[in-house]
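Asks: Here's the letter readout for the chains.
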Amino acid sequence: MKFHSSVFKDESKLDINYVPSRLPHREKEHRLLMEFFSFLLRIPDKMAQRVIVTGDIGTGKTALCQRFGEDITIEAHKRSINLHYVHVNCREYRGKLFLILQHALTVLKPTFPQRGYGAEEVLRALLQHLDEENAYMVLALDEFDSLIEAEGSDAVYNLTRLQELRPNKPQRISLVCVMRNLESTKRLDDSAKSTLQRNVVRLERYGKAQLIDILSERTALAFEDSAVPEEVVGFAADLSQDENGNARFGIELLWRAGKYADAQDLDAVTPECVRKAISSIIPTLQKSQIEELGLHEKLFLLGTAEVFLETNEAYATLSEIEEAYAVACEEYDEKPVSHTQLWKYLQGLSVLGFLKTEVSSEGTRGRSTLIYLPAVSAEELAKALRLVIEQGTR
Amino acid sequence: MKRMELEEVFSSKPRMKILKLVARLGELNVSGVARRIHLNFSTTSKHLKVLEDEGVLQQRTYGRIRLYRFNQASAKAKVVQALIEAWEKETT
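Chain order of the listed sequences is A and B.
For the first sequence, the working numbering assigns the number 32 to the initial residue and increments by one for each residue that follows.
For the second sequence, the working numbering assigns the number 4 to the initial residue and increments by one for each residue that follows.
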C-alpha cells in the first residue's frame, strides 16, 4: 500500500495531552498563578496555597495548570527546591479522595502498596515522604467537582486544612482546584468554602480572534507549511466559537479535518474537510447509541436539544425540558410519559453521557437539578434525533 | 544477636531474589516482595528480617505500612547494591 505524503508535520501537537510552551491569550492568568505560588520559590515551608481555576470547556484550564506546573517546577529546581507538580483528574478516580491521594503518592513512590489502608494513612504517608525528602507538592485536582460530589465537605475541608494536623511542621502541599464553574462549591459547608475560595482564576471564553491565534499556533506546529490555508483556520475558529469558544473543539476539528485531507490524498485541508469532520462528530460518537434509545428517551433528548437551541443557555431545568418534551410528543403524536419516568430517563441518559446534570442551590425553592449537553452541539443532536425518530416511525 | 556468615546470607536463592528486586524497584512492602518472588508472606518476612538484621536492608514505616530498601547508612549495603547493579547491567 502506497502512502501519500501527509498534511501533518507532527499530529501529536494536536493531541489533548500536549501542552504548548506558551498559551496565547492566557498570559495574564499564567502570571497570576505564578504570583499566587511565588512563595514556593522563596519560603516554601512557610506557606501553602489553595487556588481555584475555573472556566468553561475548552478555555484552557488544564493546559494552563500544566504549563504553570512545568514552569514553577523548573524555577524551583533552579533554586534547588525539591518541588513536584502532580496533576490528577478526579473523575478518573471516581472522585474518591483515597484513590486521588494514592495516585499522588505513587507518582513519588511507585512501589507503594495499592491496597489495605485509608485516605488518611495515604495522606500521612505522602506528608512523611515529603518531609523526609524535604520536598513540596502542588497537587492539581482537575474536575474537582467530582471530588465534591463523591466525598462532600469533610474531605475538602481536611484537604484544605492539612497543616492543622501537624502544627510547627513545614507546609508541604498546595492545591490547585480545577472546575468548570463554582456551582458545586455551593454544596460545601461554609468553613470548607471559605478556605477554598479565596483565590479564583477565571478563564473567560475565547473570542473568534483569540481562537484564530490559538488555532494558527497549533497549525504551525502540527501541519506542513501552507497545508492549512488561513480561511480554513478562520472557519474552524468560527465553528469553535459556536461551541462556546471551545479551543479544544477547534484543535480536534483541525486534526480530524487533516485526516480527511490525508484520506483523499489532498495537499491541503479544505473547508469541505472541516465540514466532513464536523458532521462526523455525531455519527462517530453517538449515532449508534441514539438508535438504541427508546422512543420517549429520544423525544426527551430532542426536547433537551430544542431547549438549548431556543434559549442558547448552558443549563436548563428539568421542567423546561419537560415542556419541550411535551411539544416533541405532540409533534410525533405520542402521549407524554410521567414526570417520574422522565427523571429516570434523565439519569439513564446522564450515565450514557448524552447529557449531564448538576445540582444547584440557587433560587428560592432550594436545590434544583440543572441539565446540560456535555460536548455535542444541540443543533446536530436535534438533527440526528429527528432523522432516527422519523426512520423509526415511518 | 549472632551475625550470620557471608556465605550463609548470600547462599539463599530467595534472599538473592529479594536483593535484586529491591535494587531494581527501590522500595517495597512485604506483600509486594512476596507477590513478586512467589513466596508466602511469612517466609518472605523471615528473609527480609535476616537481610535487615545483617544491615543490608532497612525498613521505613509509613503508619501501618513498612517499606524495605537498601540501608543507606551501611557500607555493606552499598557494596551489595553496586554488585547487583553491575551484574544486572552486564547480563542484560
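Don't read these hints as lab results, they were simulated from the structure.
Honestly, I wouldn't trust all of these hints.
Straight-line Cα separation of at most 20 Å, SDA-like style, residue types lysine to any residue; simulated pairs [as the list claims (entries may be wrong)]:
(1) K140/A <-> Q75/B
(2) K23/B <-> V53/B
(3) K140/A <-> Q61/B
The calculated label-pair distances, taken between Cβ atoms and stated as ranges, are [unchecked claim]:
(4) S77/B <-> E151/A: 31 to 37 Å
(5) L326/A <-> G29/B: 56 to 62 Å
(6) D41/A <-> Q61/B: 54 to 60 Å
(7) R197/A <-> F13/B: 37 to 43 Å
(8) S48/B <-> E248/A: 29 to 35 Å
Computed list of chain A residues with no C-beta within reach of chain B, every gap over 12 Å [what the hints assert, rightly or not]:
(9) E58
(10) T142
(11) R233
(12) D296
Backbone N, C-alpha and C fix where the C-beta goes; we use that ideal spot for every residue, glycine too.
Asks: Hint by hint, which ones does the structure fall short of?
Replies: Violated: hints 6, 8 and 10.
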